[in-house]
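*Asks:* Fit chain B to the known structure of chain A by using the hints.
Protein chains in written order, with UniProt numbering: chain A, 1 to 426; chain B, 1 to 393.
Calculated directly from the structure, the hints in this document are not laboratory data. Among the hints, erroneous ones may be present.
To be verified - Heads up, simulated DSSO-like pairs for lysine-lysine below, C-alpha to C-alpha not over 27 Å straight-line: (1) K351(A) to K107(A); (2) K156(A) to K75(B); (3) K156(A) to K228(B); (4) K182(B) to K328(A); (5) K411(A) to K182(B); (6) K76(B) to K92(B); (7) K328(A) to K107(A); (8) K182(B) to K228(B); (9) K232(B) to K222(B); (10) K182(B) to K39(B); (11) K92(B) to K226(B); (12) K156(A) to K107(A).
Remember, predicted model here, so these are calculated numbers, not experimental data.
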Amino acid sequence: MPLTPLSRKLTPEDAAHLLRRTAFGATDAQIRALVGREAREVARDLLSFGNETAPGNPFDPAQAARPGAGAQLVRGAWLYELLYGPHPLRERLALTWSNHFVIGTDKVRNVPMLTGYLALLRRHAASDNFAAFTLDVARHPAMLRYLDNDQNRKGKPNENFSRELLELFTTGLGTPGRPNYSEEDVREGARALTGWTFEGGRGNDRFLEEPRFVFRPGQHDAGRKAYLGRAGNLGGEDVVRLAATHPQTALFVARKLHRAFVADTPDEAAVAGSAETFRRTNGSVRAVLEELLASEAFYARRAAIIRSPVEFIVGAVRTLGQPRLEAKQILNLAQTAGRLGQLLLEPDTVKGWDGGREWINDSTLLGRMQVAAALTLGGTAPALREQPTPLALLGQERSPLQGALGGLSPKQRTYLTLISPEFQLA
Amino acid sequence: MTLDRRDFLKYSALAVAATSGMPGFLARAATQPGGASGKTLVVVQLTGGNDGLNTLVPYSNGAYYAARPNIAIPKKDVLTLTPDLGMHPALKPLTGLWDAGHLAWMENVGYPNPTRSHFASMAIWHTADPTQAQAEGWIGRIAEQIGDPFCASNLGGVAPQALRASEFSLPSIDSVDSFQVKLPAGLEGAFGQMLGAPRTGEAAYLGEATRRMLANTGAVQKNVSKYKAGAKYPGGRFASQLRDAARLIAAGTGQRVLYVSLGGFDTHAGQRAEQDELLAQLASGLAAFQADLEAQGLADRVLVMGFSEFGRRVAENASAGTDHGQGSVMFALGQGVRGGVHGSSPDLEDLADGDIKYRQDFRGVYAGALTGWLGLDAREILRGDFAGPPWLA
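The following block holds chain A by itself, in its conformation from the complex (with noise of 0.2 Å):
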């Protein structure tokens, strides 16, 4: 089932939408410069980011004196770049991946690994080959290291990592009655995964030396295997390209970038139509995407997403026209992210953060408001050029706060605007 183009040219309150979703948010003036312009043709000018980073970055990891600072400086970077970087959408996608292909630093310390893993989420943010995509992952130190295949060989296999490539990367579960895969599935995959391991960077005074993907044949076990469905001599590989090319991947891969951008409850019809492009272009990010941000699907769906922490900060900081922080005051954003339930790379889990209404309890609405009033009212809050317009704060021209918020200084508006469901909803 195809998605209906969006036949309109953009109006202000769908350009805003757009920015939100694919920006984390945006000024006035970025918005109303995509008024009038065509769906698709924004949709492919936001998907041709290149490799541009943002200028004066203060943070680097390799300065790190120890392995937990490193991580920390990691954050740090990557949240700068979050905030200034010329490319939010590749940003938008990297913590996409970074939620699909979970790492964590709670198991992963060694500072290349990190920055390494990151650049390759970066990579790949638009991938045109999902399965070179997940190949490239498999292989990296950090994932290796994570999910344990770097300890799998031959007659004693490792299966962390063989089950989460099925579960979690690829085909998912499927239904209790219906599964995707086999428990034979998981061991075979494990036995052709041996072998997969990493050189150099082992142990806490290593933290900065650069490891690199080994594969030893000696501990590679080369019989026969079957594996979803097929047979043979199976290497990891074969068993990556056979578990990313899967036909249920690509329903798995379009429901999650559906949860992205669309909604935290997506309409499965509008999934199956991603999942069939997923499939006519063996595995395209980048296609799905244009389809899905050019879509009516897409543009129907307001306010269907609960930012999550990151989303929320970076966004305040993005409709706020981007004021300068302080270098301590951004590490202190990220560790505040990570109150708010998403420490960047560090996930509480291998399936990542499961998002929606998840974000929301008692202790993250507060520490909501805490991050809305530093940013807004605090001794450090950062002086604005100029106040945000409802347009930019809420994606309505008009807004629906108005009789709330009259009487009060811009400051506290902009507050109390923050710390609304409008503006906490993408």
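*Replies:* Same frame as chain A, now just chain B:
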């Protein structure tokens, strides 16, 4: 701007009634005083699949040592409980509770058609539904049966699915100290008006969650200053959450169920170091919590019940770790438990696909806590009749 709990219930009942008709649980709440028994259940979740065989160790069983040449707990290190079973040495802080008859182990607990997925398995324990058809959790259903959304709280960042009800999720308290609203002066009226704007969809959900947060923080802060710790807690997040649990109980904030989690049990490699450290955190935290309750004179009112989503494979893997398995041990402690080992140990020579075959359905253990401790209708909450071992005194 603080509402007390009764105001809140009245208020949210009205708010819900105005949009969708008043659900039964809120209608009951309006007429029924809650928390009559004064008893609290503390649920402890061990996230990641705790290895039950290295927790309650079958130290007389040769098959155990044969399957785990590198990671088995040597017989000499086991804290002997029975002629066949003993505890992992890191659980030493709990031996006093065992000796006093206040520690129970439930052997061989699981559920039908086990899955080795962390997430599917955890969802089964949370919903008490092996078919995974339900979205709300078993503790969320307790809140609906009691008729008070404040009757159960999570301690920690994100409330687990167990605390989800059909219309709301229950409070999650990251830390009692920071659990308060500090609105800048002069904004109360505008804040109230902003929250009161009519909304639909997710915006309505967020508005309602914010109102509920105001009521919950108000209820907690009204009482907690009364507490002085009666024991020294070890460092770390798990212990500080147990301390917050003791604080809420001592303050009489009214929760019947409190929920804490300890993560990191997914020990695929180098298990001994990882699990040893986690079990030490678990035991030292729980021992301090019990000592605190004793000192406060509250120990007879609190019962702890712990679980993990599954155990590990019987045989170790080549990385001195274990892969996902089925069935594991549960534990319970407090003056209200019948100390001892309940149920029979798994047969390590008759395995299903390398895993133990579980014999006790976890819902039977839940049923004990629901009926015997909280005085609730377990049948309604668990949606069926489940019998468990007699683990309550």
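*Asks:* Could you run down the list of hints and mark each one as holding or not?
*Replies:* Hints, one by one, checked against the model:
The hinted pair formed by K351(A) and K107(A) meets the criterion: a straight-line CA distance of about 15 Å does not exceed 27 Å. Proximity of K156(A) to K75(B) is assessed by CA-CA distance (about 25 Å); at most 27 Å being required, the pair is judged to hold. Restraint check: the Cα-Cα separation between K156(A) and K228(B) comes to about 52 Å, which exceeds 27 Å; the hinted pair is violated. Under the criterion of a C-alpha separation no larger than 27 Å, the hint pairing K182(B) with K328(A) is consistent with the structure, at around 24 Å.
Taking the CA atoms of K411(A) and K182(B), the gap is near 17 Å; set against the 27 Å cutoff, the hint holds. For a cut-off of 27 Å, the pair hint linking K76(B) to K92(B) stands: about 14 Å separates their Cα positions. About 25 Å separates the Cα atoms of K328(A) and K107(A), which keeps this hinted pair within 27 Å; it holds. About 24 Å separates the Cα atoms of K182(B) and K228(B), which keeps this hinted pair within 27 Å; it holds.
Of the supplied pair hints, the one linking K232(B) and K222(B) holds, its CA atoms being roughly 24 Å apart against a limit of 27 Å. With a C-alpha separation of about 32 Å, the suggested pairing of K182(B) with K39(B) is violated against the 27 Å cut-off. Restraint check: the Cα-Cα separation between K92(B) and K226(B) comes to about 32 Å, which exceeds 27 Å; the hinted pair is violated. With a C-alpha separation of about 22 Å, the suggested pairing of K156(A) with K107(A) holds against the 27 Å cut-off.
In summary, the structure is inconsistent with hints 3, 10, 11 from the numbered list given earlier, while agreeing with the others.
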